[in-house]
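Trainee: One-letter residues, chain by chain:
Number of protein chains: 2
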Amino acid sequence: MWTTDTVAQALLPLVGDRGLLQGSDMASYEQGARYGHGKALCVVRPANVQEVQAVVRWCATHHIALVPQGANTGLVGSSTPDDSATQVVLSTSRLRNVCEVDAANRSVTVDAGITLQELNEKLEPHGLWFPIDLGANPSVGGMVAANTGGTRLIRYGDVRHNLLALQTVLLNPQGELLDMGRALRKDNTGPDLKQLFVGTSGAGAIITRATLEVHRKPQQSATALVVPTSDEAVLQLLQALERDLGDYLSAFEGLSGHAMQAAIDHVPNLRNPFAPEPAPDFAILIELEAASSKAYTGLDLQDTLNLFLQDQFEQTIDNAVIGNGHELWHLRHSISEGARALGKPIAFDVSVPRSRIMDFCRAARAVVAQDFPFLHVVDFGHIADGGVHFNVIWRSDASKAYDPAVVSALRDRIYAMVVQDFAGSFSAEHGVGPHNVAYYRQYTPPPARRLAQGLRQLMDPQQLCGTVDFGDSSAAV
Amino acid sequence: MWTTDTVAQALLPLVGDRGLLQGSDMASYEQGARYGHGKALCVVRPANVQEVQAVVRWCATHHIALVPQGANTGLVGSSTPDDSATQVVLSTSRLRNVCEVDAANRSVTVDAGITLQELNEKLEPHGLWFPIDLGANPSVGGMVAANTGGTRLIRYGDVRHNLLALQTVLLNPQGELLDMGRALRKDNTGPDLKQLFVGTSGAGAIITRATLEVHRKPQQSATALVVPTSDEAVLQLLQALERDLGDYLSAFEGLSGHAMQAAIDHVPNLRNPFAPEPAPDFAILIELEAASSKAYTGLDLQDTLNLFLQDQFEQTIDNAVIGNGHELWHLRHSISEGARALGKPIAFDVSVPRSRIMDFCRAARAVVAQDFPFLHVVDFGHIADGGVHFNVIWRSDASKAYDPAVVSALRDRIYAMVVQDFAGSFSAEHGVGPHNVAYYRQYTPPPARRLAQGLRQLMDPQQLCGTVDFGDSSAAV
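So the sequences go chain by chain: A and B. Residue numbers for the first sequence follow full-length UniProt numbering, so the first one is 1 and each next one is one higher. Residue numbers for the second sequence follow full-length UniProt numbering, so the first one is 1 and each next one is one higher.
Zero decoy hints are in this set.
Since the list gives no way to pick one copy over another, a pair counts as held whenever it fits inside one copy or between any two copies.
Here are the simulated lysine to any residue pairs, SDA-like style, with alpha carbons at most 25 Å apart:
#, residue 1, residue 2
1, K294, Q220
2, K217, H161
3, K294, H126
4, K217, W129
5, K294, R243
6, K217, D300
7, K122, A104
8, K217, S355
By construction, these hints were calculated from the structure, which means they are not laboratory data. Since the structure is predicted, the reported quantities are computational estimates derived from the model, not experimental observations.
Using the sequences and the hints given, assemble the complete structure.
Mentor: See below:
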């Protein structure tokens, strides 16, 4: 049995003093971003790819499990160790030597430990950005492992859509380096192996470097917060927007009244944009972006959006607050904080075909109202891509005391609705980790489970890497 | 040893009279679109997924190889049998029952045998299209197997970018059905298994159905054929376009003087757009598209492009022919036909980072001029995505007689330049088939080859399906 001391003694020569953490120095690496925590054997922080290879070689040879960790911003528990104190956390936080921009190719090659914010700072002087927008600052390696989506997916796609090449260290005693793809937009030379490491929560290999397609930073944007006339009008409005202004649509976010109210009530310096009227039952944050400059197009994007909205008045919308994008996005991004102030959140990161998203939300709210009337729904989501954060709060002042069995029953019920009744996904953009792997086992069809089992056997037969075993044979039907 | 008679006798009850072809009825299924032909044991044309399963079950049980074939438009020989008369061609041409449009979700679920043109006819009434544009009418299943790219990739991506779900029949004696993904834009629930079947030339499983994201059909477009002031100016022009009009750019195609001249000289009813001047040494076909209507934006796309070009005059461009998109695209799409009229084409479908594309073309032309002066280069390509059809013609009137050994030496030389000197791909959009698999073996690094070998062992241990063995163990270093 390995102890922290013996493992640390073996790893120290591989990564040096700064590369090894023990004891209380490990605390932030053992704590999940929002939920859960564990206990690591030790934390290694390799400073370059060669050090990653050395650590993998040693761990693969001695059958020591590795938990890859980027900026540790994930929400499904996949970047923190379990409580067994038998896993080594491999943090990529020092893996940040390379960040090479090829402006004419609109691509960047970047080490896994560079964060999204750092990447965007590096791209800024070139008029470029990596446009995936979310309420956190993950590392690039973590974004690949999570296949991050965010609020502007409808315009730019997820990480998978923007990944040109990937480098990983394979989980064999050779710690072999695998380079997949190049800085190319067209390359069809056999199976696209890098896809095996995208959206798998760190399973399969250690991600060390990625080449990403990047985009022109918009020179104009326009925003509005609009109140639809009905649930049916929401999809009509979205379709009209795509028809008339589809080149510019970058976000179409749904905010329930409860969600807005939670933010307004509990987040400092946030005002109700509809004041003196109360927040409506439902509103949509519309954002348009134009990479193109007004100089050539003559197009004022905010004026254009306003004209469109005028035309929609009384057809699909009742009211609108226009402009001031910063304030409107601040409201949108404050919902999670506001919801947490109300009590314990029970988060559902789900998606359905967007043609059914309003029906799903209505049906799910009805289930809570009828069978869990002591709970409070704070839902919001990315309507244009079918994603819903159907979050439910067990308020501090609820009529019933917090009960994990009820939470579990609610989770079973909502996920069953999503997957079985609405042809949806039980994890839209947060991925699968220890927190929700039971639903992977429940809802993945047997042939897919068997194929995943074969992949795990191929890539990581000892199940050394990551926190989820997609090939768990006990689960294969 | 199975004969056509004994196999046909076994398969006939599974697919019926209309589903089985023998003898001379097989001719068009044995002939490659442009190059190569083989000899099939028989051709089966299942009419639905159940019939595909029955055929796979029988073939997997009796170890009979299957060659899946869509519309048979591929260019690397991957959809036609070899000349052994031991393979059954499984044509998806009757697999065309389902074509379900969900307009509000902007998605369509479609059987593998439906062609691109049929799909677009079905989408038209909804104001939608599947915007992948190429000089052929492939089946949807074939497009997935080839990961088709085409001329508008820079705006819409390739098939992989637009694939939401995939159904395949696995190559086991159960002929098991594997459904992967749903009509969702955000769905991160474990390994994305459908990626294993995209761009693999029919290896791994029989593709039976796909769900695709589709797009709003543009309401405006604008075109121009421009002459750059220099090679360096080409990338400057592209970057300026993306900066000033990036929301609209849908094509940026390079046409060499030889390419234009071949089309003008040999394709009926095609005129030189620069007449009375001769065709220039190099020109770029620019296309802009706006999904958005002029009604809301006030934007006339052709006027906008013209203003941009005025501004570029003497900076990056010398001359421009504007408007008449139909005529300009006809010139672009006639190059292959024109080139074939000159003699035997030696095709190179390659890509490099677009920042190096003009350098690559110059260097490759110099190699031909110096070491193969009797050959004639007819290059054109997709500059914005780094793709080049660096085609070389062995003219009928060449000073040296056609010599396969010289062709082989040229292929080795050009591919080595692309892959080793320019960090490029030896097959940008045509994929890998029997015609070019030798370069897959040569240029795929050993760890990637071993992983591909493991995948093949997992998905098709008998190597029953397709015409390329990406896991060829004789090739694994």
